[in-house]
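Chains as they are written, first to last, in UniProt numbering: chain A, 1 to 86; chain B, 1 to 86; chain C, 1 to 86.
One or more hints might be untrue.
No distinction is drawn between identical chains; accordingly, a pair holds when it is met within one copy or between any pair of copies.
What the hints assert, rightly or not - Quick list of in silico lysine-lysine cross-link-like pairs, DSSO-like style, CA-CA up to 30 Å: (1) Lys27 x Lys52; (2) Lys73 x Lys24; (3) Lys28 x Lys73; (4) Lys28 x Lys75; (5) Lys52 x Lys28.
Honestly, the hints are just simulated from the structure, not real lab data.
If you want the building blocks of each chain, they are given just below.
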Amino acid sequence: MVIIMNLIYVTISNEEESLYIGEKIVKKRLTACANIISDMKSIYWWEGNLEKDNEPILILKTIDENLGAVMAKIKEIHSYDNLCII
Amino acid sequence: MVIIMNLIYVTISNEEESLYIGEKIVKKRLTACANIISDMKSIYWWEGNLEKDNEPILILKTIDENLGAVMAKIKEIHSYDNLCII
Amino acid sequence: MVIIMNLIYVTISNEEESLYIGEKIVKKRLTACANIISDMKSIYWWEGNLEKDNEPILILKTIDENLGAVMAKIKEIHSYDNLCII
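Could you put together the complete structure from these sequences and hints?
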């Protein structure tokens, strides 16, 4: 059986928050599962400075029907004001 | 030279199996290479319970022509009955 | 605000080079950020032999407008002659 899935990629402040967000979304059955890659180094501009930080990646797989609800839920509970969700 | 590649993303039970599947597929020259991210935490429903587990990710890159054969090979040798291949 | 982003995935020889390339590209403001997954095992053919190696993954997110410049910059400074950029 082939189902068309969207793969969502979002960086999170730390592992605890990535587990929190992942669990919330899977619990609500908006995605079948959540995958968390904890060891990731990020390089980015912040307030005029080039920063390097450890940011876990949260990867979610969901069907078209749930995509809007998953994005809304991430924005609602994520600690960042400026989010990059791919 | 630009070649259109498909990126295949599949979670595996453990590192040993991810190396086994990756090697089998690269040996058959169905993909140029296999990439394995071992340290990944998965959250998912299993038989009514919310489970947390370590599941390596196997990433494969292949041309359209080989996509069917790669998917068939993964299904054939993967230990899971229910597979999520993106 | 929704912006259409391209996610670029390229494997690098080691962590030092992945940080070097990531920083160069973010400094030139060609991408908002660079994400580096250091712990990745690669299986590939090299000069007739099946090789296994550790290769960090560099993930870059950029808008259509910058895609060409990012690809050109990676090719310019990457140590590999044969690159696989997805």
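| Which of the numbered hints above does this structure break? | Going through the list in order, the structure violates no hint and respects every one.
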